[in-house]
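S.K.: For reference, the chains in residue letters:
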Amino acid sequence: MVNIMLRFLFAAFTSIIMGLLFMGIGRKFIARIRRHYAGPFYQSFIDVIKLFSKKSISHNWIMDFGVMMGFAGIIATIIFMPIGPFNVFSQMQGNIIIIIYFMTIGYLGMAMGVAASGNPNATIGIARALTLMLGYEIPFVLTVILLVFANNSSLLQVMVVNQQGGFMEWNAIRYPFAFLAALIALQGMLGEQPFDAMIAPSEIASGPMVELSGKFLGFGFLQHAAQIFLETGIIVNMFLGGSQNFFIFFAKQLALYLLTVAVSGIFPRYRFEDAVKFFWMAPTALAAIQLIIFII
Amino acid sequence: MSYNSAILLIAAPLLMAFLSFILGIFNKRIPAILLVLTLSFNFYFSTYLLTLVSSKGVLVSVISGFEPPFGINLVLTYFSLLLLSLIYLIILSASVVFVSKKTDENTVKVATLLFLFTAAASGLLLTGDIFNMFVFFEIFAVANISLISLKKNKTSLKGSFKYLLLSSIGSAFLLFGIGMIYGTLGTLNIAEIGLRFYELSPLTGAFIFIMFLGAILSETETFPFNFWITDSYKGARNFVNILLGSASSVAALYIFFRLFFTIIGYPINNRYEFLISMDARLIIALISAISVIVSEIGALSSKSVKRILAFSSASQMGMILFAFSISDFNSFSAALTLIFNLSLSKAILFLSSHEIMKGAKEKNIESFTGGLGRNPVFSALFIFGSLSMVGFPLTLGFYGKISLVASAVSASGYFSILVFVILLASAAELFYYFRLMHKLFVSEQNHTEKTKMNWFYAASGSLLLAVMIILALMPKFTERIVSSAAGDMMDKTTYIERVLKAEDLK
Amino acid sequence: MLLTSTNEIKDNGMERILNFFRKKSLWMLHYCTGCGAVELPPTMTSRWDMERFGMGPMATPRQADLLLITGYLSVKSLKRVIYTYEQMQEPKWVIAFGSCPINGGIYYDSYSVINRLALYMPVDLSIEGCMPRPEAIIDGFTKLMKAIEKGEAVGYKKYRENYEWYKANQRNVLERTSAVLKEEA
Amino acid sequence: MILYSFLFALLTALLSLFIRREYNYIRWILYSAVLASLTFLIYTMNGLWGYSESFKLLSVGSVDFSLNFKVTPLSWLFSFFTTGLSLSISLFSIVKNRHEESERSIGFFWLILSVCNIAIFLSADLLTLFIFWEAMTFVSFFVISPGWTKSFKAVNYYFILSILGAFAMLVGIFFLYSKSATFNIESNIAQLFVLYELNSPQAIFITLMFVLGFFTKSALMPFHIWPAEAHSEAPDDFSSYLSGIMIKYGLYGSILFLVPLFVFISKFSQTQPMSNHIPLFSHILAWVGAITSVVATFLAVKSNDMKRLAAWSTVGNIGYAATSIFILSSMGVAGGIFHIINHAIFKTAIFLSLAAVKYRTHEREMHRLGGLAYKMPVTFLTFLLGIIAAAGIPPLNGYASKWMIYQSLLSGRFPFLATMIFLSSTGAFMYLFRALHSVFLGQLPSKFDDVKEVPFLMQIPMYILMLLMVIIGIFPGTVLLPVNSILKSMNMEEIKVTYTTMYSMLSSVDAPIVFLVFAGSFAFAFILYLIGKPRRHVELLDNYTAGQDPKEFGLTREMYHFALKFYEPFEHMFDKYPRTNTKEFYDSFERKINETGSFIKKFYSSSPRSAVYIFTLSIVLIIIYGWLVW
Amino acid sequence: MIDNRLIYVMSLLLFLVGLYGVLTRKNILKMLVAVSIMETAANIFLIGLGYISNSSAPILSESLKQVNLLGSNISDPLPHSLVLTAIVIGVGTTALGIAIAVRLYSHYRTLNINKMGDKDEL
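Protein chains in written order, with my numbering: chain A, 1 to 296; chain B, 1001 to 1506; chain C, 2001 to 2185; chain D, 3001 to 3630; chain E, 4001 to 4122.
Please keep in mind that the hints were generated in silico from the structure rather than gathered at the bench. Positions of the beta carbon are idealized from the N, C-alpha and C atoms, including for glycine. Careful: at least some of the hints might be erroneous.
As the list claims (entries may be wrong) - List time: in silico DMTMM-like cross-link candidates among lysine to aspartate or glutamate, alpha-carbon distance up to 20 Å:
hint, chain 1, residue 1, chain 2, residue 2
1, D, LYS3267, D, GLU3186
2, C, LYS2167, D, GLU3552
3, D, LYS3551, C, GLU2175
Said to hold, decoys possible - Restraint-style ranges between C-beta atoms, simulated for each label pair:
hint, chain 1, residue 1, chain 2, residue 2, range
4, A, ILE4, D, SER3269, 48 to 54 Å
5, B, TYR1414, D, ILE3204, 30 to 36 Å
6, D, ALA3523, C, GLU2128, 48 to 54 Å
7, D, ILE3204, B, VAL1421, 15 to 21 Å
8, D, PHE3589, B, ASN1270, 39 to 45 Å
9, E, ASN4027, D, PHE3589, 42 to 48 Å
10, A, PRO40, D, MET3505, 48 to 54 Å
11, D, PHE3416, A, PRO201, 50 to 56 Å
12, C, LYS2076, D, TYR3577, 46 to 52 Å
13, A, ARG34, D, SER3588, 56 to 62 Å
To be verified - Reference listing, derived: stretches of chain C covered by chain A, where coverage requires no fewer than 3 residues with Cβ under 8 Å from a Cβ of chain A:
hint, segment
14, 2013-2025
15, 2089-2095
16, 2103-2113
The whole structure should be built from the sequences, with the hints applied where relevant.
M.R.: Okay, here's the thing in structure tokens:
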């Protein structure tokens, strides 16, 4: 029991710390692309601590509850994901379907919390985010289905094991189209440009975050960090062979994240209904082609 | 009383028709009371004969000494007596309704007409002679027309005139048909015609078939021949509606059966076929199916309640004719169940709808609004009636409909397609009945005062309802009635044998 | 006048430690009424690169720590500024840009422009100039950071302590124009 | 025993008609008592598999009408859960219907409906099934529309479609009966299987008739419009019955009749076309289910009426269950049954909470509501747990069955079906959140300032349902073990399941662990929350308004509630594509019939001469027809 | 003398004449007359059935006291009696029709049937 709790805390803290680190590095990276320096790589830690040190308001208990639930949902999802060689529960090594569903708790919690704030901007942002979710889930699910079929298991761990033995065995190489689709879906999942219409700051005042202050915003920050860790982790496990080594695993995640950030650095923003259309066209077609190739 | 006095069933009403005319001079109530008494007697006597027939088989009551095939004689079969009892029951309930009316200068005449109606109906169902049938047919039509035109408003007059035209043309057709039969076979006895119909050439057979068709289809309210129904039903008085919708329909169906199944059809392999080479059964099936569809659609878009009930009656008749056209034991049982259902529930529907609409200016659907609050008893009657009509499970209509489907599906592909179409059409029937029932449940504040209860209506309605419930909930009883009547219908040979007293005819 | 001196309400203890993080992560909300707004983009972008200090623009007052008043304030906009300021969460700071919020600047005799912002809300730092150059702005930011680290940038506490006083001042100036505002409404 | 309990219930219903209006809560207490005793009766039948009762009615022609009841694992599970749920709904109704206008007829017919409900599940042959099916359809008409003009229009779609379906089923039943001369379900399945080998088109026709009957009732694809109409206009507490229980009959029929048939075919048939190791027919039906769920999802996204939205959600969930059932693997069938049960629970909860909202606010349009969570916390929690379950989010019961559905789809290799189900599942999250926001979150309109939580008696069923959702979510075995015995009785392979863990070919999931992980994460988040500086509550209008004071600006809370046209841009995505509106199709059909009817009526009321014309014409036509045939 | 077939054809023609009358006449009374013609046609048909060429009337006169059934040359008496009945009934029907026509006239002030197809509430 204590063992499991320790493992649990390890996974939670790893995800938060690595996620914040990735965020900081990502900010640094994109600053370099834009030819300026940014704050230090640990800037995100400072931000989070500052946010938790601020006073804050909430409008009602649902807002408190929702924000916590949002964060808890992402953390709970990470518990099911294999982090390199590490699994919290040895018998459930990353059931991808459970993971996809658990991610929704995070969205639901956050959405509920900010909707309870009663600000229409927040709700518009949520509406956009949910619509966008309808877009990127399709290509993502198609790639998931492909890998489940290919490995005859819905466990991420099994997928990782099947990819061992050199990077030619990676699913990214075996199923390049699906990988591409997953990458585009990842861009949408992380809400990076060109798919960031839900947090358009000058249009809808940063959307869902509009009423979040102090630790509530801190939770949002942490959730985003954990989400970065989680989603890059899933793709790494699915396509880039995972790893038996923590550092290689993190490095792969970081590389993936930086790729995402780099893409976001050079793209403007899609209208979100166009984004949904795009998701249903290009990446879905890629994933479907890969699936059909696989089935044939 | 033996079965030989069966003529009383015809004679008593006829006698009373004259008597009531005379006695009516003294007191206008007397004819009404006489009417109820006579009908009670007739009902009792017919049921007595029914028990007699069920034990002894088909009986022939010879009149004036001429043994069949000569002369006029009455043939008592289980089937005819069963329908006759049913008809008496309905006329009884209608006359109870009639009795409840205030007396006026018309009362005596109407009573006479009702006696005439009773006599004609009895004659139609009992006679074994085709020309006699024609005569009663005409009297029956005359009685019907006069009853329809009682109300003397435009609709009723127009309706009765339409009826008159159609039935006159029809009777001319019938006369031609009878003439053809007499000219070729030289006999008028139904049994003998049935026995020797195969001797006719196919062309003659077809001619007779067409003539009969033209004669009877307007009576059975079948679509292209039934243009009188809406105006007549809508214009007629309440008890006339009951008579038209239930008693006349049953009588018409009986004539239809005698003309087409005792005369033209002959049973092979547990099924009636027709001797003429075009498949006459299919023609009847087709016409009846079309009739069902058209009447259902007509009813669906009607607003006047009586018109809806009229169309519904036509569609039910279509269904029964369809069951006849399948013409095996199962379908005849189904048809019988449907006949029971049609006559009883249609009478209840007409009766209760009249009471529910009482006081409303327009006799349309809207006048049903809030009926349950205003008039709970008759609303309940109406609901029971229409549930049975649309085939709520474990009512007569349900049994009838289900067994109709069962027999049609097992008959042949053609019939199963048609029955499918008919079922689709009867979904429309469900729709408009439920629309009416729904209106009853609508509660509106300004309609809540209760209407005065008419005890005669209630008595007659509950009499019919009781019979219906007994039939639905006493399985053994209904089963025996239906199966022996259907067996009687199937058994043409016994009919001929018994009438012609010739055991060796096979 | 102000009832409490800065020393009495200085941050102490745990707050001093947290102040280290606060100064490193100043999220700002700029209230762009005047010409000062023009100077902010160069300050933010790669030439002067404000993000080095962990500063960044924020969308709503709820998220921000720092309110920038970039130029003159009319009476009508003062009301909005005060509303926005009160929506911000503590700790929070205000920086006034240029001479207009200090003494009215070129609008010193305007009927509709307030002359001295500090009367209505606690200004932690004023950057002089008309308008201040980005260098001066950066300089101002670093000064504020130092003040935060020392725990001396406590304008929000002043506002809380002297709430009645500030409110009275605000009411005075707002009532001066209320006749006009009512008509407008 | 079964029949007598039915008669007892019917008698109670009849007697209850005489209760005066002032005491009408007594009637509902009576109903609750009857339902409780029926639930107990069914509970005692657990394990009495094969116990049967038979009552002969009468035989017309060759058809023997009789009522046969039989207890099988399948019928037991369905009847137990549905009766239990109706018990909880009736508890809700005691208070809800105290001042309802037409509650007398609602109550009367509803109790009859409950009887029909149990009878449908317990019926042992096709005729009994049909009898109660028909009775249920007829009776439900009056409960959905107890004399309300608005709901009458709505109920018509339901009624006509159900009736047509029932008639199609009737034809199917008797086609089979004419071959097999029995109504027994097993022998008819065997007969139909033989017919598939001998005369395939006819067998397909018969199967299609059954499919029509079942699919109209369960509102699958071409018939998917009625729930939105009927569920939204029915009495509020009855909507939950309609949506939670009654819409399942079609799927029950499918499990009872079609699934064994298709399993038979897939195992033994040599002649039938197969696709993906299941019969093509079944595969098509699975696709119909999937398409239904997607279509319903998109329609739900569009609707602004909260009950209508929940109704579309029901259609979507039925779509999942149908897909799962028709892929015929034992995992799929089990998942389908499990999802049906789960859906019954959570959709009842959702509709009850909506009924509670309507009880207090008398509003159904979502944009007129808002912020009720702050006033009605129990209702909100019920709805929240309901939508969490409906969106298939762990740790509640919905995810367990959806997990099984995915596992079965994936292990059966149906990638595109799985994708469609996933799409609609995500969409479900989308529209359910919309309902949550628009009704319970956001700004509370000032007219609802004095809204209170519903009375305690109405809360009891909500607590029960919440508890059920959580318990089944944590211990899926409570339902899945009985489902296993169903599979056994259907001669299908049993799935591997314990009280806590579900296993599939691809993976396994331990539900309590899932729950504990969530709880742990929440505790973690809560500790973090406590670490942060304390927060204070502010009122709803103290909000980011770009510096503008809302009170001065004349901004009311109603105006600051974003709920109307929530997903409008998303709806506009499909503007370019041609639209087919099923409802309009049915409406145009109705219009056509009415036009024809007016035409016919015109003829009937025209002058007597046209009657003679038509008479003559038809005689001539008959002669010509005879001539041609001759 | 007269061929039976001629009678049949004639009666059929007469029937058609009656039908034509019913179909085309506007006056109610004329329609009733046409209906009567149809009935008459049927009656003639019946009579024609009983007619045998060159036969005498079926009256039991002195000369026909000995009825030789084989070589008899009398026409069939039965159709006559039938027709008698039919005529009586036809008269009744016609009388009823005329009564209705009178009533109709009092409502519409016309006997033109085309003016009676008024659209009432459907």
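S.K.: Each hint should be assessed against the structure and marked as holding or not.
M.R.: Do the hints match the structure? See the list:
1. Pair hint LYS3267/D plus GLU3186/D holds up; C-alpha atoms about 16 Å apart against a cutoff of 20 Å.
2. At roughly 17 Å between alpha-carbon atoms, LYS2167/C and GLU3552/D fall within 20 Å of each other, so this suggested pair holds.
3. For the hint pairing LYS3551/D with GLU2175/C, the CA-to-CA distance comes to about 17 Å; that is within 20 Å, so the pair holds.
4. Between ILE4/A and SER3269/D, the C-beta spacing of about 51 Å keeps the proposed range 48 to 54 Å intact.
5. Range check, TYR1414/B to ILE3204/D: Cβ separation about 20 Å, and the 30 to 36 Å hint is violated.
6. In this structure the supplied range 48 to 54 Å holds for ALA3523/D paired with GLU2128/C, their Cβ-Cβ distance being about 52 Å.
7. Evaluation of the 15 to 21 Å hint for ILE3204/D and VAL1421/B yields a pass: the beta carbon distance comes to about 20 Å.
8. Checking the proposed 39 to 45 Å range against PHE3589/D and ASN1270/B shows it holds: the Cβ atoms sit about 40 Å from each other.
9. Restraint check, ASN4027/E to PHE3589/D: a C-beta distance of roughly 44 Å satisfies the suggested window 42 to 48 Å.
10. The hinted range of 48 to 54 Å is satisfied by PRO40/A and MET3505/D, whose Cβ atoms lie roughly 50 Å apart.
11. For PHE3416/D paired with PRO201/A, a C-beta distance near 39 Å fails the hint of 50 to 56 Å.
12. Separation of LYS2076/C from TYR3577/D is about 49 Å and conforms to the stated range, judged on CB atoms against 46 to 52 Å.
13. Restraint check, ARG34/A to SER3588/D: a C-beta distance of roughly 59 Å satisfies the suggested window 56 to 62 Å.
14. Figure legend: the segment 2013-2025 of chain C, annotated as covered by chain A; annotation consistent (5 residues with Cβ-Cβ distances under 8 Å, at least 3 required).
15. For a cut-off of 8 Å, the count of residues in the segment 2089-2095 of chain C with a CB near a CB of chain A stands at 3, and the three-residue condition holds.
16. For a cut-off of 8 Å, the count of residues in the segment 2103-2113 of chain C with a CB near a CB of chain A stands at 0, and the three-residue condition is violated.
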